[in-house]
Amino acid sequence: MLSVKNIAKKLPDGRPLLKDISFEVKKGEFVGIIGESGVGKTVLLRCINGLTIPDTGEIIISSNNTHQKINGKKGKELRSLQRYIGMIFQGSNLVKRLSVIENVLTGRLGRINPLRSLFYGFTDEEVDTALNALEKVSIQHLAARRAETLSGGEMQRVAIARALFQEPQILLADEPIANLDPKNTELVLEHLLPLKKEMAIMGVFHSPQIVRDYCTRAIALKDGVVFYDGRPDISSSILEQIYGNEFAVQPVSVA
Amino acid sequence: MRLLKRYKTYILPSFIFLMLLWGSAIITQVELHTLFAGIPRGVNLLLSMFPPDLSVMPELLYPALETVQIAFVGTVLGICIALFVGMFAASNVNKNRILREITRGLLSAERALPDLIVLLFFVTIVGLGAFPGVMGLAFSSLGMLGKLFADAIEEIDPRPSEAIAAVGATRLQIIRFAILPQVWPSLIANSLFRFEINIRASIFLGVVGAGGIGFNLIMHMRQLEYQQAMSAILVILFMVVICERISDVLRKRIIGAEVLK
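Protein sequences, first through last, are from chains P and S.
Numbered according to this note's numbering, the first sequence terminates at residue 262, and the numbering increases by one at each position without gaps.
Numbered according to this note's numbering, the second sequence terminates at residue 341, and the numbering increases by one at each position without gaps.
To be clear, the hints were calculated from the coordinates, so they are not data collected in a lab.
Heads up, a few of these hints could be off.
What the hints assert, rightly or not - Straight-line Cα separation of at most 20 Å, EDC-like style, residue types lysine to aspartate or glutamate; simulated pairs:
1) K190/P - E242/S
2) K175/S - E276/S
3) K80/P - E242/S
4) K81/P - E235/S
5) K103/P - E276/S
6) K103/P - E242/S
7) K83/P - E276/S
8) K175/S - D231/S
9) K17/P - E235/S
10) K175/S - D133/S
11) K332/S - E242/S
12) K26/P - E36/P
All values derive from a computational prediction rather than experimental measurement.
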């Protein structure tokens, strides 16, 4: 479904951030990406959905026996691939002055006729599907509310609904639970979890405990390479190597 | 030494300032006794304006309407062009730095240009009447609104735009769904403010020959028909107050309600 081959990316100052990253992710997997702060977890996600262009390497999206490389593509070609990749951002990144349902509807902008969308021509069917997406994250009653009036946890659930409505094959989540309290953290993860039946999910997390409890697989980055790739219940000796001394002082799941 | 420092920082600049002020006042003939001597003449003028001759009201209505229409069409035209140009001048929409700087430069050049020169330019192109007035107002609105729109667009949170770009949306869709909703309040506020400016400018345009009630006012004054001129002044006052009220109501309706939510 997604293969990342030998990705490398330098920082603007020339320091290598990602040196050689390779892995594959299939449908049904919920991959948790961990690693020290600044190791390049977010940059890796951004490379996968084309927001950042890697210096070398390939990112290939496969569906129905067609394999398409996302990096190196531009304009229309890039956009037509991006519609298969959903992204949930750390700060949910909703358009605060639009209503909740409108935010969800933007999830399909890559797919519908641009002219129609400019004049707000969402079909009734699309609106129904969007409402269904909100129902899946249990906030359909907030549909008409303006996004800026929502709490952080509600906003993040709208972001999930937007990604659901997009119907992607790969869902990327960049620290989706950072800045959320324990109750909302659990709610957001509970809503993410069942999605792995329909798509491949990759999430960046700060806490190895979260990865152990919810993910099906863990990938740890260190020094620009994949340091660990395997079962989510990572032994504490390996965790210490991943986080170095930082692990000793890091509290649970706080960003 | 201390005295010398004081002399340099305060006394000398104050002296130069006062000399400049005095010289300018002499040249511009600011003489209090002229002002006081003129008071009886002013009172006479005001007295000769009363009672206003309301019989000319019917023939003032159409020009008054025309003044509002010139301001209305000119403002809307200016807003439309300013929105388009504003996008070109905003660094987060137009990534081409050279094109952006040129656009910003043209906008600031327009702002430096007095409205009267802009109007005279359009009068040369399309002749006298309401049309050059509309064009003149649209053009002078463009200079101000284009810059304000561009600044508002540059101040928005870039993250929602990125989130919408990430689903494969086109540039126009990003503008429509992420940028415009965010700049909407400042867009409305600035546009209404410009409309209020344009109503006053439109009256002045009539005085210099672009049609509307300003023309009636200046004609009555020149023909020494002060009572009729007073009617025109009353109509203008009424018009300006009404337009500002409408503008206030719209502002509260569109922006005020959102703040409360």
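**Q.** Hinted pair K103/P and E242/S, Cα distance within 20 Å
**A.** Holds, because 14 Å separates the two Cα atoms, which is no more than 20 Å.
Q) Straight-line Cα separation of K332/S and E242/S no greater than 20 Å? A) 31 Å, violated
Q: Would you mind confirming whether the straight-line C-alpha gap from K175/S to E276/S stays at or under 20 Å?
A: Given pair K175/S, E276/S is violated - Cα atoms ~34 Å apart, limit 20 Å.
Q | 20 Å Cα cutoff - pair K26/P, E36/P | A | Violated, at about 25 Å.
Q.
Check whether the Cα positions of K190/P and E242/S lie no farther apart than 20 Å.
A. 28 Å, violated
(Q) Check the hint pairing K103/P with E276/S against an upper bound of 20 Å on the C-alpha distance. (A) 30 Å, violated
Q.
Between the alpha carbons of K83/P and E276/S, is the straight-line distance 20 Å or under?
A. Violated. K83/P to E276/S sits at ~43 Å, over the 20 Å cutoff.
Q. Can the restraint linking K17/P and E235/S be considered satisfied, given a maximum Cα separation of 20 Å?
A. 29 Å, violated
Q | Distance restraint between K80/P and E242/S, which requires alpha-carbon spacing of 20 Å or less | A | Cα-Cα ~17 Å, so holds.
Q | Holds or violated: K175/S to D133/S, with C-alpha atoms at most 20 Å apart | A | Given that 20 Å is the threshold and the Cα spacing comes to 60 Å, the pair is violated.
Q: Given the hint that K81/P pairs with E235/S, test it: the Cα-Cα distance must not exceed 20 Å.
A: Not OK: K81/P and E235/S at ~27 Å, beyond 20 Å, violated.
Q | 20 Å limit on alpha-carbon distance, applied to hinted pair K175/S and D231/S | A | Since the Cα atoms of K175/S and D231/S sit roughly 15 Å apart, the hinted pair holds (cutoff 20 Å).
Against the hints set out earlier in the document, violations occur for numbers 1, 2, 4, 5, 7, 9, 10, 11 and 12.
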